[in-house]
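Undergrad: These protein sequences, in sequence, are chains W and R.
Here numbering that gives the first Met the number 0 is used: the first residue of the first sequence is 0, the next is one more, and so on.
Here numbering that gives the first Met the number 0 is used: the first residue of the second sequence is 0, the next is one more, and so on.
Just so you know, the hints here were simulated from the structure itself, not pulled from any lab data.
Hints may contain errors.
To spell it out: a stretch of chain W is covered by chain R in this simulated footprint if at least three of its residues, at any positions, have a beta carbon under 8 angstroms from a beta carbon of chain R; those stretches are [unchecked claim]:
1) 88-97
2) 107-116
3) 189-203
4) 289-301
Some chain R residues near chain W, calculated using beta-carbon distances under 7 angstroms [stated by the list, open to error]:
5) Asn337
6) Met342
7) Gly348
8) Ala356
Computed spacing ranges between beta-carbons, pair by pair [said to hold, decoys possible]:
9) Arg148(R) with Val284(W): 30 to 40 angstroms
10) Val173(R) with His115(W): 25 to 35 angstroms
11) Thr249(R) with Thr277(W): 54 to 64 angstroms
Glycine is no exception: its CB is placed at the ideal position from the N, C-alpha and C atoms.
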Amino acid sequence: MSETSLLVALLAAATARGAAPLVLAALGGLFAERSGIVDIGLEGKMLASAFGAAATAAVTGSAWAGLGAGVAASVLVSLVHGFACITHNGNQVVSGMALNITLSGLTAALGHAWFHEGGQTPLLGPGARFGPIDLPGAAASAGVPGVGTAYRELVSGHNLLVYLAAAIVPVVAWIVYRTRFGLRLRAVGESPDAVDTAGISVSATRYRALVMSGVLCGVSGAYLSIAHHASFIRDMSAGKGYLALAALIFGQWRPVPTLGACLLFAFADALQARLQGTPLPLFGVVPVQLIQAIPYILTVCLLAGFVGRAVPPRAIGVPYLKER
Amino acid sequence: MGREIIRGVNASASSRARCRWVAPALLPVINLALALLLSAVVVVLIGENPARALWLLANGAVGNAEAVGYTLYYATNFVFTGLAVAVAFHGGLFNIGAEGQAYIGGLGVALLCLGAGGWPTALVVAAAVVLAAAGGAAWAFVPGWLQARRGSHVVITTIMFNFIASALMTHLLVNVLIKPGQQSPETREFDPNTWLPQLHDVARSLGWEIGRSPLNLSVLVALAAGAVVWIYLWHTRWGYELRALGHNETAAVYGGILPARTVIVAMSISGALAGLMSLNEVMGVQHRLLLNFPGGAGYVGIAVALMGRNHPLGIGLAAVLFGALYQGGSELSFDMPNLTRDMVVVIQGLIILVCGALEHALRGPLEAFVR
Chain W
0 MSETSLLVAL
10 LAAATARGAA
20 PLVLAALGGL
30 FAERSGIVDI
40 GLEGKMLASA
50 FGAAATAAVT
60 GSAWAGLGAG
70 VAASVLVSLV
80 HGFACITHNG
90 NQVVSGMALN
100 ITLSGLTAAL
110 GHAWFHEGGQ
120 TPLLGPGARF
130 GPIDLPGAAA
140 SAGVPGVGTA
150 YRELVSGHNL
160 LVYLAAAIVP
170 VVAWIVYRTR
180 FGLRLRAVGE
190 SPDAVDTAGI
200 SVSATRYRAL
210 VMSGVLCGVS
220 GAYLSIAHHA
230 SFIRDMSAGK
240 GYLALAALIF
250 GQWRPVPTLG
260 ACLLFAFADA
270 LQARLQGTPL
280 PLFGVVPVQL
290 IQAIPYILTV
300 CLLAGFVGRA
310 VPPRAIGVPY
320 LKER
Chain R
0 MGREIIRGVN
10 ASASSRARCR
20 WVAPALLPVI
30 NLALALLLSA
40 VVVVLIGENP
50 ARALWLLANG
60 AVGNAEAVGY
70 TLYYATNFVF
80 TGLAVAVAFH
90 GGLFNIGAEG
100 QAYIGGLGVA
110 LLCLGAGGWP
120 TALVVAAAVV
130 LAAAGGAAWA
140 FVPGWLQARR
150 GSHVVITTIM
160 FNFIASALMT
170 HLLVNVLIKP
180 GQQSPETREF
190 DPNTWLPQLH
200 DVARSLGWEI
210 GRSPLNLSVL
220 VALAAGAVVW
230 IYLWHTRWGY
240 ELRALGHNET
250 AAVYGGILPA
260 RTVIVAMSIS
270 GALAGLMSLN
280 EVMGVQHRLL
290 LNFPGGAGYV
300 GIAVALMGRN
310 HPLGIGLAAV
320 LFGALYQGGS
330 ELSFDMPNLT
340 RDMVVVIQGL
350 IILVCGALEH
360 ALRGPLEAFV
370 R
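Same shape as in the complex, but just chain R:
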C-alpha cells in the first residue's frame, strides 16, 4: 500500500498556490465549526442544550487562572504528540503509534527517576529528556526500520506496537516495578528531587502568585521541541529530504535522497517527540509510573497535527484548543452530569474526520469561493 495512502494529506501544497493564505487560515476554523456543529447534534440527542454546554465548556477551560493552567498542562501533552504525528506526516508516513512511544518513553523516565534519588535536579531533568526521547525513538525506530528495509506498512506496525507496548508495560508494572505490598499496578513515588518543578512553585519563588495547576516546566521543553521541529523541517537538509520524500518519492530518489535512511530518521524523531510527552505526565504531575498514563494523548496528536496543518505554530494553537476541550470537558461534566468527557473524544474524532478524511470535500468549494 506504500506511501500513496498518505499523499492526500500532503497534496495540499499543489493546489495552494492560487490562494496562499485564505484557505489555510479559514479551513481550520470551518473544520472546527463543522465538528462542533455535528457534536451539537449529539448533545441534542442526549437531551441537553448545546449552546449552554459550549459556554460551560469554554468557561471551564479559560474561566480562571487555574483553569488556564490545566488547559496548558493538557496542551503540553498534545504539542508533543502532535509534533510527533506531524513529522511523520511530512515524510508521507502515518505514525499511529505515538501512544505506545510515549508509554515507552515514560518507562525510560521512570527507571531514571527511581534510581536518581540523590542527584541534582538539573542533571536528572537533562538525563530525563534524553531517556524519554530515547525510549520513544526506540519504539518508533523498529516500525521505521521495518517500513524502510522490509516494506512493512508503518500504519499497521505502529498499531501493533501500541498493543505490544501496552502488554509489556502491564507486565512490568504488575510483576516487576510495582511498589511492594500494594495492589494497584504502579511504581513507588519518586524522590522529590526528581520532580519537574511546577510552574506555580517557580512563579512563587520569583515573587509572583499564579493559580495552582499541574502545569510544569515541561511546557518549556514543548516550546523548544516546536522550534527544533520547525528548524529541522524547513532549515536543514534532512528536513528538506523528508518533505521531498513525502511529496514525491520518485523525484526524491532521482534527486539523490536515500528514502530508507530518511524514513528511519524521521520515524525515530517522531517517536522521540512522542516519548517526551512522558516528562509532563510522569515527571511533572504523577511522580510515579501509572498504568496507561498516556491516556489517549497519542491519538489526540493525530487530530492536533491535522488541524495544525503539520506546522509547529498550528500545532501549538491546535494543542491549546484540545487542551481547552479536555479541561473544559471535565468541568462540563460537573455541571451537566449527562455529558461526560467522552463528548470531547467525539469532537476529537469528528475533527480528524473533517480535517483529514474530508479535506478535499471542503477545500474545493472553499477555494472556488475565495477565488
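Only chain W is shown next, with the shape it has when bound in the complex:
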C-alpha cells in the first residue's frame, strides 16, 4: 500500500516539476494574447532565457545573476516582437515564428562559439543553480504514512522556481481581473478602439503586456537551464513553448484553467516517462509516443469544438491602426 502511495506521490511531484515551466510560459503568453498580440514566440523567449541564464550563471557562478540575465534576454526578444507587431503593424504569427527560428540558431551558435562544448554551456555547480529546497519537517514526516509521504515527496524538495510558478497563478489572476492594468489589458484585446477612445494608449498597454510575457517566459527558460537541468543544451525548450501555447488555448486564455491544462499536459509526460513500455491492464503496452501526442491531439479537438469551445480574445492578431 505504501508503495502505491509513494508511486502516486512521485508521479505527482514529476507532474509539478514538468508543469512549472509550462505554467510560467503559458501565463506569460496569457498577458500577450489577452492584449491582442499572438504570442507564438514563447518557445524563442524560453530558449533565449535558458541560454542567457545558463551562460551568465556559468560565468558569474550566481543563480540569481543567471535568472536576471535570462529574464533580460527574454524581455528583449519580447520587445523585438513588439517593435515588429505594435510599432510597425507587422504580421504577428510571422514575427513569432521568425524569433523562434532566430533564437534556435542564435543560442546554439553562440553556445558553440563561446563555450566550445558543442552548443552546450558548462555544467553548473550547486551555487550557480536553484537546487531543491527541503521544507522544514520533511525528513521528520517520513514516518507518517500517506500525508507524510505526500508532504515529503510532493510539497517539499522542489527548487525555488517551482514554488514561484505555483504562487504566480493567483497573482496573475489578480492582475488580470482585479487591477486597472488588467482591465485595460483585457479591453485592449477585445476592443482596442474603445480603449483608444477612452484616451488610453493601445500601443503602451500592449508593450506592457509583452514585457510581462517576457518576464514570465524568462523565468520559465531559466527554470529549464539553471534549476531543472544544470546547463543549457541546444534546443532544450524542445517544444515546451508551443505546448504552453496549447495549454493557454486549452485553458481558454484564463489563468486557472490554463494551470489545469499545464498540469494535465505535464501529467501525460510524467506518466509516459514512468510507463516506458510497462503493459497496462486492458490496453497492453501503450506506445509512449501516443501519450506524448495526447496534449496536441486534445488541443486540436478543443479548437475544433469537439470538447468545449475555444474563444480567443476578439482583437487578437489584428494590428491596431489608429484612425487618421
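Starting from the known structure of chain W, arrange chain R on it as the hints suggest.
TA: Chain R alone, transformed into the frame defined by chain W:
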C-alpha cells in the same frame, strides 16, 4: 483570430500600384542585406571576421561543380516547401505545418519503395509522386477542414500536427518499420530500382561528366511543381478564387466564392507540395526512411515564400539562395570551426523577420524614396 492575421502579408497589392516593379525588385535585396548585416553582428560577437565568413560561405556554395550540385539539391527541398507555404499564403492562410506534411509524405514514399522491389523504375517514380503528394495533402487536409468547417485556427492546428506527425513517425520507425536487428530507428535500404536517379549518373549515361552530388531527378519535379502552381494561382478559376479570398473574404463571398471549399482545396494542395519534398530526401538521397528527415525544411519554406514574394519565380530564386546558405554554411564550419550551421538558421530567422514581420517598416520609406 480569423484570416486577418495574415492580411499584412497580402496587403502589398494595394500599395503596389504606384511603383509597380521597383519596390518588389529592391525589397528582397534590401531584406537580404539587412539580414546579413544583422548576422554579421553575430559573427563579430563570436569573434570571427564577417567578410571572410561571407566569402568562405559563397565559395563553399558555388565554388565548384560539386558545391553547385549540393546547393541545388538543398534548393529542391526549399522549392517544394516554399511553394507549399506560398499557396496557403495566397488564401490568407499561414501553413506552418509543411514540416509535418513532408514527414507524412515521406511515409507514403517509403511504404511504396519498401514494397515495390521488382517494379520498373518509371512506374515507381510515378506512384511515388502520387503517394508523396497524397501523404502531405492528407496531413494538411485535416487542419484545412477544421479551419473551414469548425473555425479552428490553421496556424495552431498545423503546429500541433507537426508534433503529432513527429510522434506518429517516431512510433512507426521505432516500433514498426525499423529494420530488424539494428538499433537506429530507420527502415532498411530500398531496392535500387526504386531510387530516383541522381543527375550525375543520368549525365554520365548521356556522355557528360558533371560533379558528384545528391542532386537528383526530383529537381525536375520541383520545376514542374513551380509551373503548376503558377498556372493554378493565376490561370485557373480555383486560383482566382483563392487569391480573391485572401485579399478580401467579404468581397469573395459576395462574388459567389465558397470560402470553405476554397480553403480545404488550397490547404490540400499546399500539403501535397510539402509532401513532394520527400521525393528528394527519401527516394533520391537517403534511400531509406530516417527519423526527422525533413530537418527543418518546412520552416525554411516560410522564409523562402516570404522572400520570393509568394511567386514561383521568386520562390525558385529564394530557394537557390537558401540552398547556397545551407551548402555554404556546412563548408564554412570546416574552415571556421567557431561558426556552425546554426548561423544559417539565424540568417533564415532574420530574413523571415525583416521580409515578413517588418515589411511595412521598410516598404513605406522605400516607396517614398523611389517615388
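Undergrad: Decide, hint by hint, whether the structure agrees.
TA: To see whether the hints hold, each was checked on the structure:
With 9 residues carrying a beta carbon less than 8 angstroms from a beta carbon of chain R, the stretch 88-97 of chain W meets the three-residue requirement, and the given coverage holds. Interface restraint, the stretch 107-116 of chain W with chain R: holds (6 residues with C-beta to C-beta distance below 8 angstroms; minimum three). Chain R is given as covering the stretch 189-203 of chain W, and this is violated because 0 residues of the stretch bring a CB closer than 8 angstroms to a CB of that chain, at least three being needed. Check result for the stretch 289-301 of chain W against chain R: holds, 7 residues qualifying (beta carbon to beta carbon below 8 angstroms, three or more required).
At a threshold of 7 angstroms, the smallest CB-CB gap from Asn337(R) to chain W is about 4 angstroms, leaving the interface hint in force. Interface hint at Met342(R): satisfied, since its Cβ lies 5 angstroms from the closest Cβ of chain W, which is below the 7 angstroms cut-off. Among the interface hints, the one on Gly348(R) holds; its C-beta lies about 3 angstroms from the nearest C-beta in chain W, closer than the 7 angstroms criterion. Using the Cβ-Cβ criterion of 7 angstroms, the hint placing Ala356(R) at the interface with chain W is satisfied: the shortest such distance is roughly 3 angstroms.
At about 35 angstroms, the beta-carbon gap between Arg148(R) and Val284(W) stays in the expected band of 30 to 40 angstroms. Between Val173(R) and His115(W) the C-beta distance comes to about 33 angstroms, which sits within the given range of 25 to 35 angstroms. Checking the proposed 54 to 64 angstroms range against Thr249(R) and Thr277(W) shows it holds: the Cβ atoms sit about 55 angstroms from each other.
Consistency with the previously given hints fails for number 3 only.
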